[in-house]
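Undergrad: So you can see what is in the structure, the chains are spelled out below.
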Amino acid sequence: MKRWSRRLRQLAVGVLDLPQDVVLEVPRITMIGHLQMYIENHRGVLHFSEKELRLLLTNGQLIVSGEQLVIRAILPEEVLLEGRIHNVKFVEKP
Amino acid sequence: MRNMMKEWLEGNITIKVRGKRFERLVNMAVREGIHIWNIRRIGTELSECQILIGDYFRLRPLLRETGCRTHVVSRDGLPFWFRRIKARSGFVIGALLFFLGLYMLSSLVWSVEIQGTYHISPTKVGQAAEKIGIKVGAWKAKLEEPQQLQRELLRLLPEASYVGVRLQGTKAIIQVVEKEEPMPKPAVGPRNLVAKKRAVISKVMAEAGKSMVKVNQFVEKGQVLISGVIGNEERQGLVAAKGTVQGEVWYESQVTVPLRQSRYQLTGQQQENHYLLLGSWAVRIWPVNASQYAKAETSEERHQLGLGAAFTLPVGWKTVTLREMEQKNKQLTVEEAVEIGKQSARLDILKRASGDAQIKDEKVLHTKTENGKVYLSIHYTVIEDIAEEQPIVALPPLPDSSENKTE
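Residue numbers (numbering that gives the first Met the number 0), protein chains in the order written: chain A, 0 to 93; chain B, 0 to 406.
Keep in mind that the hints were calculated from the coordinates and are not lab data. Accuracy of the hints is not assured; some may be wrong.
[Said to hold, decoys possible] Distance condition first, Cα-Cα at most 27 Å in a straight line; then the derived DSS-like pairs of lysine-lysine:
1. B:Lys19 to A:Lys50
2. B:Lys134 to A:Lys50
3. B:Lys141 to B:Lys130
4. B:Lys359 to B:Lys329
5. A:Lys88 to B:Lys19
6. B:Lys202 to B:Lys359
7. B:Lys209 to B:Lys220
8. B:Lys134 to B:Lys85
9. B:Lys213 to B:Lys359
10. B:Lys317 to B:Lys294
11. B:Lys196 to B:Lys178
12. A:Lys92 to B:Lys19
[What the hints assert, rightly or not] Pair ranges (Cβ atoms, derived):
13. A:Lys92 to B:Lys85: 55 to 63 Å
14. A:His33 to B:Lys85: 42 to 50 Å
15. A:Leu15 to B:Arg59: 22 to 30 Å
16. B:Ser105 to A:Gln67: 48 to 56 Å
17. A:His33 to B:Gly89: 31 to 39 Å
18. A:Leu7 to B:Arg59: 44 to 52 Å
19. A:Leu15 to B:Lys15: 47 to 55 Å
20. B:Asn37 to A:His33: 13 to 21 Å
21. B:Glu9 to A:Leu7: 40 to 48 Å
22. B:Ile41 to A:His33: 19 to 27 Å
23. B:Gly89 to A:Ser64: 38 to 46 Å
Even glycine gets a Cβ: it sits at the ideal position worked out from N, Cα and C.
The shape of chain B in the complex, shown without the other chains (with noise of 0.2 Å):
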């Protein structure tokens, strides 16, 4: 029945109506059409009631009419607010201009986000970036299109194969996905493989070059393996001699184990120590008691207390944990002696041979035990890589003749 909204925004006034015939009033308005609410009555003579402010001049010759007179009590609506903005327009500019400031503040691009570079450097692709307009303090408006964006950041990075641009919020964020690229290879000159060692050859593969020994040709050390001189007499060419040569080299490797071993094990028997640091002092609050050990493993852990490592209090924490230990001695016999001494020798062979290097024969040559010690001569007989590179030095040119040339 009554239209709140329709009140409000086209304004209302609160109005006190003096007279007799009051009842006759509202009558006369009700049926003029005009919209009057909230009706009350005060005193004998006096009422209240509500009505919109477009019906107050209508209600003006009815009041002649009834002898009534009528006070404006309070305005609410609409209208009224904003005569009210009016008086108070610093306010409201205000307002705008924080909205304003808001909008355009987050029209900004505020941080670059530089994502999935392993090789590029991210400052290459800031630059890249900068260059095409994306950067702190850009505007968003400005920029173009994102597929436009990326076309250009990749034709600027030609060592990306695919750049995403994606604008989140106030952040810019740059996907980069790299192109794989091989390693480039070091480029090498003409060179011959030379062998290392004096050996037996026992395979040749030559990938690139003339191979010069065949297998079960015993070479010495420094011996041209693979020749990087192709061609006949007439035609000569130089390359990079590439390949494999593998050869046997025997080693004699002099080993000593002693028959009684000593170790230390550990017990099982451990303990906490716990400890309050306070500058360089350490106070051992837990256990009061503290077992001694004769020989014992230990390892500490601390906690100081302060914010990272930029700042620590003097304060602290250390929890020493202490494992007993005691010596076992063992006598051994003379082929465990042995096998142990070859074990080592192995260990030892393997280390003194290039890297990819297979034992092919063992022979113990000699055993002696002496003095609580058993001494062990073996011979190896192993299979590695004895190639070698050596660059072939090209003679200079004779220089008289193309100067002569020239002049």
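With the rest of the complex left out, here is chain A (with noise of 0.2 Å):
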């Protein structure tokens, strides 16, 4: 049934040209530089201190590292960080 469901998303992506993140439930990102972080589609935050933010995702986690963060508002399924930026790692569900 999984399988299945996943497949369908795949072809509505490839064919009907739909925007991953919203099909697939996968994270949207946008960075200015290393300053600013935008992530939507996010599932909740797991830690946060000033070296690091931890998101976790549909399908993992979402680290990233960095220096001075501060999360400058925060959704339901969106975060704006802010900081130095030095990392952005995903981990996938095992």
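Please dock the two separately framed chains into a single complex, following the hints provided.
TA: Okay, here's the thing in structure tokens:
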């Protein structure tokens, strides 16, 4: 069943030309240099400190590391992060 | 994403959160729809974030659940502003009073300007304006419409053909346009026109009255030319005689012209001397060696330091311009001398005759050259206005006849 639904989604992306983040439930990330980062489609904050932000995704985790990180704003599915970002890392769900 | 305006209007607080499960608190708060921003981690168990005041109480059950404690660090926004303003009410009242005072002062008339008066005195216009309320210190709101004010002012000032009233800020401008009234004629009593000189009449034009002379008639001084008595034997009336009577008058002029004429002429040489004025002293500064002219025309210009005429310093500057003159002699011939004599004689005659005199004829009677001078005697025939006014003094009515009737 799950395999079928994934295949259907892949098909929709290919045939109907829909944006992938809408269909596949993956985050859409907008970065302005290393200063600002705008993440949509997250599923909650796992860990937050000055050096690291760990966000839960539908299919794994997103780890942003840097310095002087500040969450400027947060909504159920969006995060606006500011600071000096060094690293963005995806961790797939095993 | 963030509504800064709303954050400020509703008021927000910065809180410090102490607790291990801060991330969980944030997630739950976000899910609850609590606005939360500027989140930063300060220490291992200490974080800071900003929320709206209204959301603070919604956050409490979540705090209990996650075992976190909060501490308000700072308050910002309109509600807190109001509280601060309440504490400093004197300041606010002062500001309000200032604006009120400014508004009130600007709604008064502070000056009345009157324009366009020539014959009507501005004081009179000012008094009329005061009567209908336009004066210094009047409320602008209490004044009527400019149209109405104009109408009333015009009624009070019959000499004006138009009065415009305009309020420009705190200044009331009254524009007056005066009626162009002809000058009143001086009242004249009954009179005759009589001759002021012996003359031969050349032209008579009577506008009022009866002309008593004809052209080419010889008149003596004091003879009636135009009579103010009109009518026939039975019905007589008196008028102010008016008209022009021109007559030929004879004059004789004696002129003496010296044949040797001397006059001063500018040579074109000039020099500017600059002086420094100290009190009543004048010290020449430039040029050091002034050339001396035997005869010169001088013109002087002074510059005194100070403020206007009221206050002057005793220090100043003077420039004297000298223009050299020299004497020129000229020997005239007899003909030239006669011509010069005639010119001066004409001027003399026109001065002796009245205003619009005209020289009709000029005849040199006699020329004599003696002792380097030319003696001339010239006869002139001049046409001039010879009429002179003479009031008719009416005889007083017989005193006894009227008195008898009243008794």
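Undergrad: Compare the structure with each hint and give your call.
TA: Against the structure, the hints:
A C-alpha spacing of about 17 Å is found between lysine 19 of chain B and lysine 50 of chain A, which places the hinted pair at or below 27 Å, so the restraint holds. Between lysine 134 of chain B and lysine 50 of chain A, the direct Cα distance comes to roughly 76 Å. Violation of the 27 Å bound is thereby established for this hinted pair. Of the pairs offered as hints, the one joining lysine 141 of chain B and lysine 130 of chain B holds, with about 14 Å between alpha carbons and a cut-off of 27 Å not exceeded. Of the supplied pair hints, the one linking lysine 359 of chain B and lysine 329 of chain B is violated, its CA atoms being roughly 33 Å apart against a limit of 27 Å.
Restraint check for lysine 88 of chain A and lysine 19 of chain B: the C-alpha separation of about 25 Å stays at or below 27 Å, so the hint holds. Pair hint lysine 202 of chain B plus lysine 359 of chain B holds up; C-alpha atoms about 14 Å apart against a cutoff of 27 Å. A distance of roughly 19 Å separates the Cα atoms of lysine 209 of chain B and lysine 220 of chain B; the hinted pair therefore holds under the 27 Å criterion. This hinted pair does not check out: lysine 134 of chain B and lysine 85 of chain B have alpha carbons roughly 42 Å apart, beyond 27 Å.
For a cut-off of 27 Å, the pair hint linking lysine 213 of chain B to lysine 359 of chain B stands: about 20 Å separates their Cα positions. A hinted pair counts as satisfied when its Cα atoms are at most 27 Å apart, and lysine 317 of chain B with lysine 294 of chain B qualifies at roughly 21 Å. Of the supplied pair hints, the one linking lysine 196 of chain B and lysine 178 of chain B is violated, its CA atoms being roughly 43 Å apart against a limit of 27 Å. For the suggested pair lysine 92 of chain A and lysine 19 of chain B, the alpha carbons sit about 25 Å apart, so the restraint of at most 27 Å is met.
Taking 55 to 63 Å as the suggested C-beta distance range, the pair lysine 92 of chain A and lysine 85 of chain B conforms, at roughly 56 Å. Between histidine 33 of chain A and lysine 85 of chain B the C-beta distance comes to about 46 Å, which sits within the given range of 42 to 50 Å. A beta carbon spacing of about 47 Å between leucine 15 of chain A and arginine 59 of chain B contradicts the range 22 to 30 Å that was offered as a hint. The given range of 48 to 56 Å is respected by serine 105 of chain B and glutamine 67 of chain A, whose C-beta atoms sit roughly 54 Å from each other.
Restraint check, histidine 33 of chain A to glycine 89 of chain B: a C-beta distance of roughly 51 Å breaks the suggested window 31 to 39 Å. In this structure the supplied range 44 to 52 Å holds for leucine 7 of chain A paired with arginine 59 of chain B, their Cβ-Cβ distance being about 45 Å. The hinted window of 47 to 55 Å between leucine 15 of chain A and lysine 15 of chain B holds, with their beta carbons roughly 49 Å apart. About 20 Å separates the C-beta atoms of asparagine 37 of chain B and histidine 33 of chain A, a value consistent with the hinted range of 13 to 21 Å.
Against the hinted window of 40 to 48 Å, the Cβ-Cβ separation of glutamate 9 of chain B and leucine 7 of chain A comes to about 45 Å, which satisfies the hint. The supplied range of 19 to 27 Å is met by isoleucine 41 of chain B and histidine 33 of chain A, whose beta-carbon atoms lie about 23 Å from each other. For the hinted restraint 38 to 46 Å between glycine 89 of chain B and serine 64 of chain A, the CB-CB distance of approximately 54 Å leaves it violated.
In summary, the numbered hints that this structure violates are 2, 4, 8, 11, 15, 17, 23.
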